[in-house]
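Asks: Residue numbers (my numbering), protein chains in the order written: chain L, 1 to 359; chain R, 1 to 359; chain F, 1 to 359; chain U, 1 to 359.
No wet-lab data here; the hints were simulated from the structure. Using N, Cα and C, we set each Cβ at its ideal position, and we do this for glycine too. Be a bit skeptical, because a hint or two may be false.
What the hints assert, rightly or not - Okay, the calculated bits of chain U under chain F, using three or more residues with CB under 8 Å as the criterion:
#1 204-214
#2 257-264
#3 304-310
Number of protein chains: 4
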Amino acid sequence: MWKLLSCGLISALIVLSSPDQLLAQTGDQTGGRVIDVDVPAPALRGNLLNSPSTLSAAIYLPPNYDQQPDRSFPVVYLLHGIFDDYGVWIENFEVPSILDRLIAEGEIPELIMVMPNAGNRYGGGYYRNSPVSGNWADAIADNLVGFVDEQFRTFADVESRAVVGHSMGGYGALNLAMTRPEIFSVVWALSPCCLAVNDDLSFGNDAWQRAAAVTGPDALQDLMDDGDFYPIAVLGIVTAFSPDVEAPPIYGDFPFDTVRGEIILDDAAFDRFLDEFPVRQVREARENLRNMRGLALGVGLGDQFLHIPTGTLEFSQRLGAERIPHRLDVYAGDHRQHVGERLENIVFPWVAERLSVPE
Amino acid sequence: MWKLLSCGLISALIVLSSPDQLLAQTGDQTGGRVIDVDVPAPALRGNLLNSPSTLSAAIYLPPNYDQQPDRSFPVVYLLHGIFDDYGVWIENFEVPSILDRLIAEGEIPELIMVMPNAGNRYGGGYYRNSPVSGNWADAIADNLVGFVDEQFRTFADVESRAVVGHSMGGYGALNLAMTRPEIFSVVWALSPCCLAVNDDLSFGNDAWQRAAAVTGPDALQDLMDDGDFYPIAVLGIVTAFSPDVEAPPIYGDFPFDTVRGEIILDDAAFDRFLDEFPVRQVREARENLRNMRGLALGVGLGDQFLHIPTGTLEFSQRLGAERIPHRLDVYAGDHRQHVGERLENIVFPWVAERLSVPE
Amino acid sequence: MWKLLSCGLISALIVLSSPDQLLAQTGDQTGGRVIDVDVPAPALRGNLLNSPSTLSAAIYLPPNYDQQPDRSFPVVYLLHGIFDDYGVWIENFEVPSILDRLIAEGEIPELIMVMPNAGNRYGGGYYRNSPVSGNWADAIADNLVGFVDEQFRTFADVESRAVVGHSMGGYGALNLAMTRPEIFSVVWALSPCCLAVNDDLSFGNDAWQRAAAVTGPDALQDLMDDGDFYPIAVLGIVTAFSPDVEAPPIYGDFPFDTVRGEIILDDAAFDRFLDEFPVRQVREARENLRNMRGLALGVGLGDQFLHIPTGTLEFSQRLGAERIPHRLDVYAGDHRQHVGERLENIVFPWVAERLSVPE
Amino acid sequence: MWKLLSCGLISALIVLSSPDQLLAQTGDQTGGRVIDVDVPAPALRGNLLNSPSTLSAAIYLPPNYDQQPDRSFPVVYLLHGIFDDYGVWIENFEVPSILDRLIAEGEIPELIMVMPNAGNRYGGGYYRNSPVSGNWADAIADNLVGFVDEQFRTFADVESRAVVGHSMGGYGALNLAMTRPEIFSVVWALSPCCLAVNDDLSFGNDAWQRAAAVTGPDALQDLMDDGDFYPIAVLGIVTAFSPDVEAPPIYGDFPFDTVRGEIILDDAAFDRFLDEFPVRQVREARENLRNMRGLALGVGLGDQFLHIPTGTLEFSQRLGAERIPHRLDVYAGDHRQHVGERLENIVFPWVAERLSVPE
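Chain L extracted, bound-state conformation (with noise of 0.2 Å):
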């Protein structure tokens, strides 16, 4: 029942011409500034729906970048959900401005924020590695990180890099923290999707026999014509998640078959499906997240995207039983309300304590 174009997701597209306009748009000569860059993404090369193996992203540069070029920043990258880009960060959240006004009060250091879009046809690759939707991970981790790296003066060190997300971009945040220690330290998961596999996200959802239903290509197009949330996103897990480079024109494997209308689950196939996700991935990665400077998971327990609120708790209680140390927040509201709020007051404030700044 969520059409896309209604389904209350958060930005609308923005177009970024040139950082002078965005400075000017800060309205502030004391403010930082935003840049916006292309990035080479071999990790992309070769995915099967067609993603550009090119990373935008908009870069929030400190008030004194400019001003002091001996000196080097600590970065934060930020991960945005599906169906997004890196103007939600930019005009809804207005994510410049909460750093130009928590840097002018002392509150964090100065710092970078690097905001990639990592969006695809079926809404996005979940920022994980899929050789049929593209190796998001490394995109970000090698690709990204390597040329801001390179071209800015950065902290070029994980103890001086932090990575934060909303929802899809909250699982894959959580999913570098567990697969990629020796790039990223410090990790905020704001309403994470996917941890587990459970309420709007179970097969329950009639999201997913519709999207398994797809035989062709142009079942495929009617499908995405129609522009439901649900089993468009069903694909892009699927493909992220679940993927299957011999099973056009989905590529992807669905674990279970559907007969008159039913479900028939694959005990083979449905291990492999769930092992992927993160509640079921916090026992062998405990090491790397043990070692986090920063874990922490905050979740608004009216979330429209029922899966969400269930998820976090659960993966709070498997990161309690691996003795990882975490926060975790659980507060009154919904998917999208405070996250504006909560990045200035608590996020950002909490990153940036944990991050390393070398004198």
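Keeping the supplied structure of chain L fixed, place chains R, F and U upon it in accordance with the hints.
Replies: Chains R, F and U alone, transformed into the frame defined by chain L:
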């Protein structure tokens, strides 16, 4: 996507015209016979779904019921699932033949089995008390049990009375165990539905929003005409578990609002709603459940109704946490597979063994 | 194996002779001052442990308390752990200096902090009501709060009143949140004990059997003289959580019998016992807890009292299951490490931010 | 507090002098007979506890074993608990008589039952492979099974071979199911110990610290002489589950240090330790467990070893989460009550029904 006509529920309508015909059906003078009865059920009076206040039931009388006119018998009540009737037991699972065989082989004592009909326009009243769908728990535990004990030679004692059910009837059996321990002392729930609100029963299933969107009688009629399984089952659940006599046309409370296609949960309403489901009721009912002579649950891991395996496992865990003896059978199979063979090989012998049969 | 004298509990006995001396102690004319008071506590009258019905407390008054005689202040109550007293706050954790610094730096508003003594012969009454150990919850929430609001210039309103505790005091803070929401609206529990009965608090700990074996006053005296931590703490738990005025010499009910050195659990007694612990009380208290302005828990994974991390994690999960907003901090560290720095850097600022400070 | 001599473990030592005597014992020419055998067990060679590398076992041969010299039989292996030997089966639970009755009544087919001794100086090797206590799993699955298949007329096939155990033997049966599915296909664990580390098996049990405090052979001898059950059992657990051939005199690693009487956990060591226990091994062993022809667990809620009911319930839940068919029986009773009657009425018939008995 499940149409009612093709939804795979179990029985077709059958007509039992007379006891004599049924006796003929069994084709065996040494077997029992089945009669059908109409039982006044004042507990159903005034329900808002226009269900009649009469219960139909098929009753199996064991081989020697007539020949030994001074002998009394223990009684098992057998509760069918949603959108079914007692035909499922007689035609599909051939319960009378099963009982004949088990009695002939000495696997169970001679006993009476009572198979009521408990459907309504939304598939059934879940054997619960509700001012909207009717007081089905009382109809079974008071009206039907009273009738049977009066009209037939039974051991009219809780220790000689069991209740067994499948799917909606499995829920019903457990609900009666929790609330009417003075009536039933042995309980087996096969693939019980509705123990917890998750997977296909969670609000992540689109059917909830479709049902909640009904605001007038025309929309209700359209939903019914559409014949999809889940939205109609949701109406049955809401009228049985969350009735509201002040809220036409559905007369039920949904624990959420829908705003722009998204679910907005209401804490207090959600509390009240969840509190009506068994995983939350075990603690309060623990003494009742502990006093059962037998309490068992079985479920197939491949159940098409995804909440049934997860709910059954969670219910077992809650029973364990409250130190309540029980048996749990988890097997490979779906919602309907193995039901007949399990009744014969496992359920009926196990239940019968625990029933008191005074000398 | 933990002797009381070497058991690692926090404070040594200290004597606070007079407010003037304490003021001198702070060594800073711009800081606050600490006075000690004796508060009549009728709620403790008639307890069977001979605890006096007077509460001693240290009270921190902020720097401008005296200079601004028309100004009122919010109040934080600070509850110590087992076998401790308010000396732990003043000498070990240097709370007055922490508050002076935080106020001077503008991190928190000026506020009053009240630190009661709540020990008894078994280490403490757990800030619970008990006919045996005394009505400690009432002594705090009614007698002490009443006294403070009467004798000092406070915002005598629930929205301006917080309770913070460590270990037994962490339990106490949560117990007051669950039962006295009209008195306290902001709560932080540091390493709270006794949320669930497991690990070192389970009956698997030999101390339970040793305590339960006491049948007369001599055996009780021997146990006390022995000075082992756990058996005496068990006496404190039994008298506070499972009191029985008819059962000398301990006046408490153990939910098991011991036969030939083995524990025989009693279902009904075990039910009653477990029902008194917080993980089982969240559901009933959910509305109280949801209405908190702030609810937080923190725990070190290396806590020597093994039930504290597991209990805290389980409590958080129950809060989540009941949709109760809260913050959980899980960190590397033991029962005592980091308490002082967490009070200064995290707890007091977080608590103060949520307190209402009317203009 | 449990002394070994009075610790309530099951059997006294018995001597089986000859098969003839035993046959006489059964007092029935139509019953089976029991012989005792010594089996070379190279898998135990080189163990550091000086256990001999020979297994003793009692073997029940069914009534027609001798009369029908061309007939083969399925085999059930029966594993005893800690500080016991096969006498517990023969004298205490009268297994030969049970089998005679079941076979005579046609409840089970004629089968061979093999009852090995598996004790050591610390009570037993838990039927696990360990360089310290010996490779007990291999001794059973390879040496003993090989001997039996060679010396007796068996169906030497996994489908005709079951393993049943009680307490330590229940753990052993599940361990063999998880690791040796090519040998055993039907498994029943009665009151299995050691599935999870909690309650009396948690480090909250003082016995851990007492065992860990042993630093030399004298202290070890003192601990042994003391005869307390738990500290010695801890030695058995550490040598079997956490062996360290470099760490005399115990040759085991404790996952904690003790500082001033308090436990200091070590994350990495604790990880390794917990990973050896079954609740953490279900996922990896899921395909093995799913392929069982029968998998069942039973436990009495009043078990004196408190971790056994909680561990059994948790293990069942993990099985369910991994979609592994199984049966769980939770009943009123303690560690020893009902074991004999359950073997006769439930366990042996259920196991036998699932064994393949080729024509």
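Asks: Hint by hint, note whether the structure agrees.
Replies: So, going through the hints one by one against the coordinates:
1. 204-214: As far as the segment 204-214 of chain U goes, the hint holds, because 6 residues have Cβ atoms under 8 Å from chain F.
2. 257-264: holds (count 5)
3. 304-310: holds (count 3)
The structure meets every hint from the earlier list without exception.
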